[in-house]
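Student: Chain B: place on chain Y using the hints.
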Amino acid sequence: MLLEVRDLHVEFHTRDGVAKAVNGVNYSVAEGETLAVLGESGSGKSVTAQAVMGILDMPPGKISSGEILFKDQDLLKLKGEERRKIRGQEMAMIFQDALSSLNPVLSVGEQIGELFTVHRGMSRKDAKAKAVELMDRVRIPAAKERVGQYPHQFSGGMRQRIMIAMALALEPSLIIADEPTTALDVTVQAQVMDLLAELQRELNMGLILITHDLGVVADVADKIAVMYAGRIVETSPVHEIYKAPAHPYTKGLLQSIPRLDQKGQELYAIKGLPPNLLRIPPGCAFNPRCPMAQDVCRTDVPPLAQVSETRQSACHFWKETLDAR
Amino acid sequence: MSDNNTTTKAASVPQQRDAETATPLLQVKNLAKHFPIKGGFPIRRTVGAVQAVDGVTFDVNAGESLGLVGESGCGKSTTGRLLTRLLEPTAGSVTYRGQDISHAGRKQLAPIRSEIQMIFQDPYASLNPRQTVGSIIASPMEINGINPSGGREARVRELLEIVGLNPEHYNRFPHEFSGGQRQRIGVARAIALEPKLIIADEPVSALDVSIQAQVVNLLQKVQKEMGIAFVFIAHDLAIVRHFSQRVAVMYLGKIVEIADRDSLYLRPRHPYTHALMSAVPEADIDVVKKERIRLEGDVPSPISPPSGCRFRTRCWKAQDKCATEEPPLVQISGNLPGHLTACHFPEDPTTERTQDIILDPALVALEDEPAGGDKA
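Each protein sequence line maps, in turn, to chains Y and B.
First residue of the first sequence: 2, per my numbering; consecutive thereafter.
First residue of the second sequence: 5, per my numbering; consecutive thereafter.
Honestly, I wouldn't trust all of these hints.
Stated by the list, open to error - Once the Cα atoms are required to be at most 27 Å apart in a straight line, the calculated DSS-like pairs of lysine-lysine come out as: (1) Lys320/Y x Lys244/Y; (2) Lys244/Y x Lys272/Y; (3) Lys320/Y x Lys272/Y; (4) Lys72/Y x Lys86/Y; (5) Lys325/B x Lys272/Y; (6) Lys272/Y x Lys225/B.
To be verified - Just so you have them, the derived chain Y footprint on chain B, three or more residues with Cβ under 8 Å: (7) 82-94; (8) 212-223.
The set of hints was computed from the structure by calculation and includes no laboratory data.
Predicted model only: the values in this text are computed from it and were never measured.
The beta-carbon is built from N, C-alpha and C at its ideal position, and this holds for glycine as well.
If we strip away everything but chain Y, and leave its shape as in the complex, we get (with noise of 0.2 Å):
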């Protein structure tokens, strides 16, 4: 396994409390798979992605549990250099907004060859070259001549593709995509979508692609965590998680998304709000906007249990959850 993410907690320290933003995830992706994490905000998918590049902020975060093993080594019990050689050359990570990750006075052939300046030791020429071919890679057009342009030259879509090529540059065996088409228009990210997709199977690589676009991930990936407050709710390959989800979140998300059956009907939503992570509930954080809550919700948290061989649903009622639809 490349990427195994085990028990892991990560909570905030702030003035209010303590904010308990992971609560034990648990999520593994192999070599050329892509595995989506599916969140509304304040479920804790985009820290879970900062504690595996170690790029959270701490403090006020802490890791207080856990594991986060890559190739079979514990991330979390390496020191500072040894960890920043692995974060800059085995993983890489997109951004939703690429305009503020990338440096606005630095021309972006710059800022893709620093990777190899940097740490491949190359020269400022090499570099630039190979920053050439990058960009023609992720099919910019008329690279040569748009290398020494600085990103405020080029549109959402191209920047979000110049991040992909800094990601890829030292070709890394896992990439994290944080969002990376939420901020770009529907043309432009089927465009965006279809270039990661494509260059992820050809070099071979584990995706971890955090969004909270259904559709998205139908498209692209292989298998689905559903995470919400700070929990994994549901895992699954993704074709069944659309047919039959197996947690009552889930399913309330499927349903929320208008069809074309049922034009100006009332949309089914979920009641209420996402829990505040300084007090959740006890029980099943779902338990207060869930239809099918009972006692037992309200006092145990369910454990994910195994729903068949390759899905999990952390719900006391699966077993209905599954046969209502």
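Tutor: Frame of chain Y; chain B shown alone:
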């Protein structure tokens, strides 16, 4: 305007408000907005113009919801701002209930302001953080000097209840609410004066998936119960399809296609509409994977839009005629009345296609040779 003074529960106001249903509530004709670009030294002069909106024509009927979709930069938000007269148009006219308001002054607009309201995209930026929710919602009444019997506070509580918030939260500040709740406050403010038309600019796109559905339902309830007409601006095609009876697709400042919801989504004719629809990722796995149209690059700059048809630089059906002659927005043969398309070579009216259309010159260039003169 007269019914603003009443305290009748908003929910009980029937749609008898507009007896003259024959004329549309809002008529927009050849509306244009060009933002000048200043440059030059030492004397700054106008060196060009961003043609954000360039000749759009449509009507909004009373009680109807018109969806406005398009990518960023297509001018849909500018159109919204022109309709509310937050901006003054460069050319063309906006007629509200027979009265031309395109260049109306402050005084003339005053009575109309209370009838046209706006809901903004960002529920964090559109509420004053130093005002309580009560004073935010009451301010439209204050500005227009409306004193409902029972007092403004009672009316605010009533409004809070209509939008599904606790009336007891009257004295709280915006930061105490979540994004979805703030958007509800925005809705309460917009309906406070019982307007006839609401311009909703991306009202749900900043919200989480589970909250989006709640707010869409609220808007739908408000629309039905109060008979308010909506111009619903969004980039999410699925939500627009759900909310709007009629939909207009915009591209680079122009409307390229406008039609009834069913006609547009099931029988689109304009290539751009086809491309937009096929780019939407399908969340329903059972649907047989539609073939994709992949558009080349990005939308051209609105400073110097392409001649003729503006979509031609990204269109797979473009021919010489498209560069020289701008296609008019007309009813193409085979279309239902009211389904207007601006295209010389429209697509077949279906959403099924037999093969992928891939339009990426960079991709083609890569396969042939590392060239490609396209500047995006």
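Student: Now, for every hint given, state plainly whether the structure supports it.
Tutor: Hints, one by one, checked against the model:
1. Lys320/Y x Lys244/Y: holds, 15 Å
2. Lys244/Y x Lys272/Y: holds, 23 Å
3. Lys320/Y x Lys272/Y: Holds, at about 22 Å.
4. Lys72/Y x Lys86/Y: holds, 14 Å
5. Lys325/B x Lys272/Y: Given that 27 Å is the threshold and the Cα spacing comes to 54 Å, the pair is violated.
6. Lys272/Y x Lys225/B: holds, 16 Å
7. 82-94: With 0 residues in contact (Cβ-Cβ under 8 Å with chain Y), the coverage given for the segment 82-94 of chain B is violated.
8. 212-223: holds (count 9)
Checked against the numbered hints listed earlier, the structure breaks hints 5, 7; every other hint is satisfied.
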